[in-house]
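Undergrad: Okay, here's what each chain looks like letter by letter:
2 protein chains.
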Amino acid sequence: MAEEATVIFQPAGNRGKVKIGETLLAASRQLGGDLESLCGGNKVCGKCKVRIEAGVFDKFGLTSSQAHASPWLEEEGAFISPGEREQGYRLACCAQVTGDILLFVPEEARAGKQVVSKEARSLDFKLDPAVKLYYVEMPPPAPEDPLGDLDRLYQALQREYGLAELSIDIHALQDLGDLLRRGDWKVTVSLWMEREVLRVRPGRHEHHYGMAIDLGTTTLAGYLCDLSNGEVVATASQMNPQCKYGEDIMSRVSYAINHSDGLAKMHHEIVGGINQLMTAAVEEVEREPGGIAGADSARTLSLDDIEDLVVVGNTVMHHVLLGLNPRHVAVSPFTPALQHSLDLKARRLGLRLNPAVYLHTLPLEAGFVGADNVGVLLAERPHEQDRMQLIIDIGTNGELVLGNRQGLACTSCATGPALEGAQITHGMRAAPGAIERIRIYPGEHRVDYKVVGKDAWRSHSRPQDMQVKGICGSGVLDLLAELYRGGIIDKSGAFAEDLESPRYRQDPETQMGEFVIAWAPETSIDKDIVVTQKDIRQIQLAKSALYSGCKLLLKHMGNPVIEEIKICGAFGVHVDKEQALIMGLFPDIALERIKAVGNAAGDGARLALLDHKLRQEAQRVASQVTYVELSGHPDFQEEFLGAIEIPHASDPFPHLKGLVPPEILEQT
Amino acid sequence: MAEEATVIFQPAGNRGKVKIGETLLAASRQLGGDLESLCGGNKVCGKCKVRIEAGVFDKFGLTSSQAHASPWLEEEGAFISPGEREQGYRLACCAQVTGDILLFVPEEARAGKQVVSKEARSLDFKLDPAVKLYYVEMPPPAPEDPLGDLDRLYQALQREYGLAELSIDIHALQDLGDLLRRGDWKVTVSLWMEREVLRVRPGRHEHHYGMAIDLGTTTLAGYLCDLSNGEVVATASQMNPQCKYGEDIMSRVSYAINHSDGLAKMHHEIVGGINQLMTAAVEEVEREPGGIAGADSARTLSLDDIEDLVVVGNTVMHHVLLGLNPRHVAVSPFTPALQHSLDLKARRLGLRLNPAVYLHTLPLEAGFVGADNVGVLLAERPHEQDRMQLIIDIGTNGELVLGNRQGLACTSCATGPALEGAQITHGMRAAPGAIERIRIYPGEHRVDYKVVGKDAWRSHSRPQDMQVKGICGSGVLDLLAELYRGGIIDKSGAFAEDLESPRYRQDPETQMGEFVIAWAPETSIDKDIVVTQKDIRQIQLAKSALYSGCKLLLKHMGNPVIEEIKICGAFGVHVDKEQALIMGLFPDIALERIKAVGNAAGDGARLALLDHKLRQEAQRVASQVTYVELSGHPDFQEEFLGAIEIPHASDPFPHLKGLVPPEILEQT
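Those sequence lines, one after another, are chains W and H. If you count by our numbering, then the first sequence holds residues 1 to 668, one letter each, in order. If you count by our numbering, then the second sequence holds residues 1 to 668, one letter each, in order.
Keep in mind the hints are simulated off the structure, nothing from the lab. Careful: at least some of the hints might be erroneous.
All copies of an identical chain are treated as equivalent in the list; a pair is satisfied when it fits inside any one copy or across any two copies.
What the hints assert, rightly or not - No more than 27 Å apart at the CA atoms, straight line, and that leaves these computed lysine-lysine pairs for DSSO-like: (1) K577 with K657; (2) K345 with K265; (3) K345 with K132.
Note that the structure is a prediction, hence the values are computed from the model and not measured.
Working from the sequences, and respecting the hints, build out all of it.
TA: What follows is the structure, encoded as structure tokens:
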């Protein structure tokens, strides 16, 4: 037997040699496959299900006509039904390569195929991009006027627009002579910050493009904008390919600290992810009927047409993109490598676009309050408003800002990935088959739910049509409030003492209580989908981290009355305000004062892309926000423990009246 | 027989596979050998002589114990004596690879082994480099002061030195956190133009380095300088590896125009050459007893320690280095891609030094009057002087400047490579065995000469000790004047009508006259070394090009009296003033007013390295020099034809009196 074998992943088509004995999951990482794995290969999440294809090998040039994988493991039975096993399904973390093998990765196991809610909303902005277009005409050189090509261009820009002290990127310079002649000495110049020529195009052009990118721990989102009118011409999003190194930011930091090539690998992954994102955005434009205005040919746009790039992201994503080891930010006093904004040639990082183009990263506020939060400030502008507002941005890390024009304070809290569906028994990403809404009716314990990709709720569908696979983040957010309001769990989060329900039982092995959300016949995994006592604790810990962050920020600001709560990101879109209030995610407030503001971080990046003056403003505001460090705070422990309860043990929640049955509210 | 064979070049050790049937010359180019070839493989120069080594193959891992090359060609007999043939000598352009082969490249055939006269002379300068060192100490971060690492550094630089609005190169940033901590928050910062951090070193450092480089068509020369005191700590020079694409700049331009990958190849060569040059300079420092002050460890210096780079060169070298196609500069109106100076990250071009470091190229004056000539202006400063001076810089291209503080004019003239020994029957580079000085005594036609590497002249040596191989540039420069003064040729350059000398004869084949400089027994090539009528014409054309350039410049300036002539470069060092005057290389002047100024172009680069303010001055002066284009000048044809004569047909040469016998001067 050879020491290596060929592995092919379909439908993506990644292929290559891997060592005999590697798991299929390891093969996927090695060959750039996009296999989902929440547990990191520990055989406990069941997300990395793949199908081994047999008998079709010849057309792929494989040397064997037999599928080669190690024998079935018992653990796989927990996630793969006998019928699926019959069809060739395996867990990629269990099956090892023993020979050439062709795999099919089902939609649900593809890390890149999540449903991502990061659409662009419309923004108010003043259009003043860092890169602007200047059209100039020049006299051609002549024996009596043999001035150099670049000097001639500078002269024309000075004469027509008063632009002086110019420089040019070497990439733009290298083609200049030919482009000037091809344009018959009439060209359009893309000028960065009124001082550096990035690109010269023959003839007159009226459009040029830039991209704003939000690097989330889980998701990358990009907005391709027409810099001549500010319009979003394409949006793109995808999973952060770093996810294979861990779900939350602390596991990414650990990977960078514990592996000598960890930073380099993750850097490479995120750069590759941004390259894919840019390519996807450019291709989306091409698919538009009628194409795009101002592209070099009438209907196509290329990566070369992206002339400016603004990136936001949390501190760890920001650092990893820049090739900065986040190790020092992980330990007290939590100092980032830099807080300042940065301009650098994007190509220096391996980004595959026009080599002349700059990448601008927004500044950080402090430690884990990153450039994404500065994006939020640019989009929401609390520093210009009278209303005292609390802005909550929760991804796999929570960032909070409180204040108004009198001053702002911020903090970060380690909510962990539970609120996004990870670390939950049946948690999964927001892919088809994921429960995204849950209702539990008090008294009868009737459960209703809705899955991603289907409009009808369970109560209006046939059980076998639901094909449930798990519970995604927004479903998890419903859980705590519904279990509490439905009387399934008490204020402490424990299953109610006298709970009697066909849905409630104890796991015979672990002796741990669990509550059935969907019965096996409603699922595609042929087993009940449950929420366990441990799952409930995970959600409580996450919400407690967030709540105590809010409380300590309020205390820092002298306990002002919150006049508005803004919830950013997919979280804000998916969370039900009422249930967020019931579970005690944040301090009590009237429902109408809670506002979902979408991907404010990405919006801030777009604003900084469209109006470069906002970049200076971002720098100024970021440096003025006071950072409140939670971990060292004397009151943190007490606040955190109190906030474990649903809602906080001792805080008043007047607005819960009417939302929760009085007998439940009055529990002690 | 296999389709490929292994070829090894000794002593350099380059080895690799080449196709059967390739010539050894082609193999040398492919494998990065440094074989000399003046004729470009046309079997007429005989420079590419190599020795095929037999019977020593096993230790090199060759698969055959026989030397494999195609049969002897008749053409080779013209350059290889029967004795040499016996020893295994072949012309690399004739012998084809037929199997594995081991070659020895003799010193004389090595392109890289020329004797280069580009030593550093001492200069007056004000030390104000673009990169300066700043030592700072910072308080370490603490819970109450968790400022980011870079922000902390900026704060310290602002506090200690008032430096504001700073930026940092991403490469310097990537290691910053670790370096600050390693230095216990005490570091030395290398700051470019008081605005960009290029490098941070832990602890206190008082030395840092930069390199000034002069890109000649034939030779690359570099000066490694200590930027903290201005001292030259190492010099390095080597052949321009582009030489394989042609001897003079026009053949390089042709190569760039006629080959789709021509520019890329030549760019790659010159970048590789500069990398070698920098490495050689750094290694020279290492060999110094006692090492070098301020290197990271006490005795070593690395490429990372070169923190600034200034490059001058003629327009074609300048363009090729920057990846700019020189095609437009080759045709009327001879416009360069740019005249402006340029700052760019050296790493963008593939230069292997600290990726943060900038390369500064000095501006060009016009068309073929390149950055090297601007270097000359910085070194000689004619724009600040009252004396009317003519500055002559001759490499394979002639660049002339005339003027004083009232104004300057410049031109370039296509002298071609004849004055450097190319295109001459027995021309060669200044390597051991090359005739570098010639005297011919009137009347008796006795010839005396001196060769490179031997102190004694021919007349004081035994014939067999001379081991002459050819005539190098400085020998060629003697030729015309000596032949003329000796009565061998007349004023028109033709062999004297009634010439009778044992050294004079007609080639039986070509019917062309030739004059023997060295008899076969004095040579190592076993044949007479001669100068032919055609050789003499080549030298006349070159000197005429230069002379007519001087004349038209003078005319442009209203025919002022030249008060000083400065001759730059190796040419200036080697040329005998008296003979230059006799041959009519430039207008008549008293001998004491002729001055050799060494490698003024390289000196100018060094000055711009040591005092960055001179970079702005260079830009200003370069843009104020008036360019006089010769090819379109109405008087050019007439001046050029007149200047063919020795000296110019109708110009007065009062200072020749006493230098040339009256009967010869009075020829018409």
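Undergrad: Now tell me, hint by hint, if it's right for this structure.
TA: Hints versus structure:
1. K577 with K657: Classified as within: same-chain Cα gap 14 Å, cross-chain 107 Å, threshold 27 Å.
2. K345 with K265: both (21 Å within a copy, 25 Å between copies)
3. K345 with K132: both (17 Å within a copy, 24 Å between copies)
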